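Protein chains in written order, with the numbering used here: chain A, 1 to 221; chain B, 1 to 221; chain C, 1 to 239; chain D, 1 to 239; chain E, 1 to 239.
Hints are computed from structural coordinates only; laboratory data are not their basis. Remember, predicted model here, so these are calculated numbers, not experimental data. Heads up, the beta-carbon is just placed ideally off N, CA and C, and yes, glycines get one too. A few of these clues could be false.
Claimed, not checked - Computed list of lysine-lysine pairs in DSSO-like fashion (alpha-carbon distance at most 30 Å, straight line):
{"no.": "1", "chain 1": "C", "residue 1": "K81", "chain 2": "C", "residue 2": "K209"}
{"no.": "2", "chain 1": "E", "residue 1": "K78", "chain 2": "D", "residue 2": "K46"}
{"no.": "3", "chain 1": "D", "residue 1": "K46", "chain 2": "C", "residue 2": "K81"}
{"no.": "4", "chain 1": "C", "residue 1": "K170", "chain 2": "C", "residue 2": "K209"}
Said to hold, decoys possible - The following residues of chain C were derived to be distant from chain B, with all beta-carbon distances above 10 Å:
{"no.": "5", "residue": "R9"}
{"no.": "6", "residue": "R51"}
{"no.": "7", "residue": "F65"}
{"no.": "8", "residue": "T68"}
{"no.": "9", "residue": "G111"}
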Amino acid sequence: MSGFGAIVMRDLRLAVRQGADAAMVVMFFVLVVALFPLGVGPEPNLLSRMASGIVWVAALLAATLSYDRMFQSDHDDGSLDLLILSPMSLEMLVLAKCLAHWLTTGLPMLLIAPLLASMLNLEGEAYPALLAGMALGTPVLSLLGSVGAALVLGARRAGVLVALLVLPLTVPVLIFGVAAIEAAATGQTSRPHLMLLGAASLASLVLCPLASAAALRHAAS
Amino acid sequence: MSGFGAIVMRDLRLAVRQGADAAMVVMFFVLVVALFPLGVGPEPNLLSRMASGIVWVAALLAATLSYDRMFQSDHDDGSLDLLILSPMSLEMLVLAKCLAHWLTTGLPMLLIAPLLASMLNLEGEAYPALLAGMALGTPVLSLLGSVGAALVLGARRAGVLVALLVLPLTVPVLIFGVAAIEAAATGQTSRPHLMLLGAASLASLVLCPLASAAALRHAAS
Amino acid sequence: MHRFANPTRFLRIANAVFPWVAASAALSLLVGLWFALFDSPADYQQGETVRIMYVHVPAAWMCLFTYTVMAVASATYLIWKHPLADVAAQAAAPIGAGFTAVALATGSLWGQPMWGTWWVWDARLTSVLILFLLYLGHIALVNAFDEPERGSKAGAILALVGFVNVPIIKFSVDWWNTLHQPASVSRLDAPAIDPSMLTPLLIMALAFKLFFVTVLLLRIRSGLVQRRIRAIRMIEQAG
Amino acid sequence: MPLERKAFETQADSLSATGLTVARGGRLVFKGVDFSIGAGDALIVKGPNGAGKSTLIRTVAGLVPVLSGTMTLSVAGKPVDRPDVGIHLAYVGLQDGTKPTMTAEETLLFWRSVHGHVPDAAIITSALDRFGLSRRSALQTRYFSTGQKRRLALARLIAVPAPVWLLDEPTVGLDTDAVAALEDCLAAHRERGGLTILATHTPIGLTGSPLTVDLADHQPDAETALAALTGEDLAEDAS
Amino acid sequence: MPLERKAFETQADSLSATGLTVARGGRLVFKGVDFSIGAGDALIVKGPNGAGKSTLIRTVAGLVPVLSGTMTLSVAGKPVDRPDVGIHLAYVGLQDGTKPTMTAEETLLFWRSVHGHVPDAAIITSALDRFGLSRRSALQTRYFSTGQKRRLALARLIAVPAPVWLLDEPTVGLDTDAVAALEDCLAAHRERGGLTILATHTPIGLTGSPLTVDLADHQPDAETALAALTGEDLAEDAS
Ligand code: HEM
Ligand SMILES: Nc1ncnc2c1ncn2[C@@H]1O[C@H](COP(=O)(O)OP(=O)(O)OP(=O)(O)O)[C@@H](O)[C@H]1O
Ligand SMILES: Nc1ncnc2c1ncn2[C@@H]1O[C@H](COP(=O)(O)OP(=O)(O)OP(=O)(O)O)[C@@H](O)[C@H]1O
Ligand SMILES: [Mg+2]
Ligand SMILES: [Mg+2]
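The shape of chain A in the complex, shown without the other chains (with noise of 0.2 Å):
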């Protein structure tokens, strides 16, 4: 097996073995969205007027929480060191992490994204664009992530400080995303927000290995 394969399972199986990880983000981003409603009251419309809203916010603070798994029990165990010093280049290391970070989370979400999309009562013809939008905008946030765990390495109170880098960074994600299904529920196309997201997540994939290899490097010593 390839060393980027290696490190897809080991993680997937790291994620699995651990209490269910991804079982876990889903559940705090479907508390997020259920805390909302308990904030701004129950009026059925006032929420499917926001309902993209929350559910994208929801969805970006959840990968937040997530962010911190991605290199630092690496980091502390030492493993981190072996990696680097390893045959593969780190940008690859990078994308094998990112790979296994989206699958245990963004693409959780993204399946359990529509039920909390109708508990808000969402229009129905929103839901296309909510479903492409979250395919296309969660890995940009796992990508996104990975530079901020690799930055944060070695700080410590890593957790908040990773969640003030990755956020501002992703609002764009936000932005698009519920401009997508905004567009789709009032019956435009959704289809520029989506293209928007698509040309982030490419960019992403390209630029977000590079900082994060860069960042990895410095972290050890």
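Position chains B, C, D and E with the ligands against the provided structure of chain A, taking the given hints into account.
Showing chains B, C, D and E with the ligands alone in chain A's frame:
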């Protein structure tokens, strides 16, 4: 200096030295509040209706992110073993920890909340209720947080797990806190809600240290 | 009561009573369902949808009941350290989660015709959703430790702390003006509801209780066996 | 508070255990360990990797629960009840309990006040001196090397006096000077009538003839392990 | 991919450093360290706590940047350029790099495939055997004791062959059997013409006459420290 004071002082010192934890929690608080207008659109009247909810939800989430630091690092570096063996009672230890946590989390949020509320143009007459609510509510967050933080010690994925355990328990705080503001905003009295908050914080002041201490007792090994 | 806390003795008793409980559960369920589906009138206002009540209400009652059982068992475990109480609490959690899920599902199915929406964020519905998350959190916590002991203790403490939610659910409808209870209680308390509707409801409630006991016995048994297996495996692996 | 004063006036006369049996992660680690040491005695815990040395020491400290067996620390003639045992112990484990952003001096001062001692600059300095850290006393411990952290952990023994020392592989990562310093401290401690339990792989120079337990002789065989870990005994244990 | 194949076919002929000077945390750790070892040689890094042993080893591994001085690893006649050096190294530091929920076997298999080796059960088993872990091969490492984790970390040396071994206090926490096993491995490695750099406080039996660097002789005095840390040198270094 008594053991209690020593622990409070030390935690504060650590918070200050370790890249200003307090500042980070507050910044996260601000970020979450800032995300919403982006998510749900900028209409002032809509926002002002949601202001109270948004601020409280943000407070809950920001607090949630900070729970893991209550005991985790002491657990990882072995300090907790020594604290458990020390002559001071675990309940006192927990109270000291909660006080330090509140001073570095609840208090700063309490101070900045009015500013954020005004950014979401909350009605003027609601501010006293907002402040009173947060003053009574944030201690509950710290106290309940200590229970969650103590429970997940040594658990895998403690970070997300603690969020899952504590958020549901803190929901009543959210509900009463928002209700108080809403009442004030709509010209009714917010006393009953504030009374309930006060009752909640008294109850948790008595019960949470016991629960946390029990959890800590089993956390070693 | 300590005599029953001994796993082996408990197993003997459990095995003895199990068939009867299971049988009566199945029977009452059949009878209840038959009444509920065929031998009870459709509601003059709700029409056939009222039949959802016969599943929803018992399930809803059970999700509160189960958590109470869990809390009591946990307290017993923490105070008297009965391993059996611990096994029982852990065995109850998934069942309770199941009942809660059913209450939520049937509730929202019922809500569609009644309130014109699958879901409203009123106090009761939300607090039940939170109860559901508490169940899941409990299950997650118990399984998140290397030391089974730690998981048990942590789970027990959480169960006790989380118990505050039960009265909140129970009285949410009285504390906050919600969409939920008015629709329900008026319907139940009103003389309009005649035995033809109340009897099946009560039979179903009984059936759910028996069903709970049945599954609980099963899970406790397998829980005890699991511990034995884990012990054996650890020994042959690590010697 | 009285609790806090107790800490440093005491003088333990004996620490003994009989039939100590401990399980971790659902697995029996060792069984039937007996020992008894009096004032000035040192007990060396031997055994191959994984025999249970660290576990035994943490058990004595009360950080790991015992499955069966008894342990008694008697101070001033009468036995101390379990929760208070910790007060009389100084435990140096594998983790150093140092905070990266606190200086060596602050660390020791903190532990003194937690144990209810008056902050006493002289003692702190002498403790740091003893382990050659005086030049680094004002340096944050994140700039410390492995061995320097270990030295700081050991300096706690001087800064926070206690009648019973529990040391888990104290020489790990220490250079020869530091080992010598530790040996002096041990000698002085036993002079004063202090008790010591010490797990180590490398030889440590100890005056007199220290007692030893070799955990290799206490490894459980399959049957006992199984019996001890399945419910029954736990239940009996609880009774 | 070629990168991955390179890893285990190589045979290093020499590793040398001249005038190695390193700073950490804005503080000069050691200066002017020179060494040069050829096939089959072992270099022992000595020095009191805080002298810079770990730092030196991590510097050689390329994990810590050098302030000034040069380092060259030559493989098959020609020097390897910095980024690729890691490929030829096996580094065993103070952290074991084990995951609590992965079994010993999985851990070694993972490191093999990361280094582009074919998964080879035989080698894994022999590696675990070598360090007396074969009976624990299917056990998750969270159940391992300190020394067992260390053994697993060392087993990596066998499971993932590399021409240059960098060992930082490899004997820490090992019992006598394990130390003996390590000594055998070292002998065999040097037989094969492998290079070894090794930091230790405790004596390790090494065949032949190993070279040594004593970092006590390379501690910086105040002015050099200052000079080295002011911009100029860094600039030169960068150029
Ligand atoms: C997902 C939505 C719903 C949830 C989570 C829910 C939850 C509950 C709970 C927890 C109870 C038990 C109350 C107690 O024991 O005191 C209950 C009872 C009841 N529910 Fe629901 N419910 C939902 C929807 C509905 C709907 C749509 C109706 C019909 C209009 C309904 C009618 C009733 C009735 C009649 C009772 C029994 C009366 C009583 O116990 O006071 N529920 N429900
Ligand atoms: N992370 C760090 N940041 C800054 N300075 C450090 C760091 N780690 C170590 N140092 C400094 O570098 C010096 C050398 O540290 P190093 O760990 O290499 O020493 P060592 O020889 O390995 O000591 P030991 O024998 O205790 O392992 C120490 O005196 C310490 O002050
Ligand atoms: N956290 C844990 N959970 C479960 N089992 C554990 C845990 N820690 C250790 N064990 C088991 O207990 C046994 C004893 O561990 P312990 O650390 O006491 O051994 P030790 O004698 O200190 O070994 P070493 O010489 O390596 O320090 C080990 O064989 C291990 O399998
Ligand atoms: Mg040990
Ligand atoms: Mg070192």
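Against the structure, the hints:
no.: 1; hint: C:K81 with C:K209; in the structure: holds, 26 Å
no.: 2; hint: E:K78 with D:K46; in the structure: violated, 50 Å
no.: 3; hint: D:K46 with C:K81; in the structure: violated, 33 Å
no.: 4; hint: C:K170 with C:K209; in the structure: holds, 18 Å
no.: 5; hint: R9; in the structure: holds, 27 Å
no.: 6; hint: R51; in the structure: holds, 32 Å
no.: 7; hint: F65; in the structure: holds, 19 Å
no.: 8; hint: T68; in the structure: holds, 17 Å
no.: 9; hint: G111; in the structure: holds, 21 Å
In terms of the numbered hints stated before, the structure departs from hints 2, 3, listed from lowest to highest.
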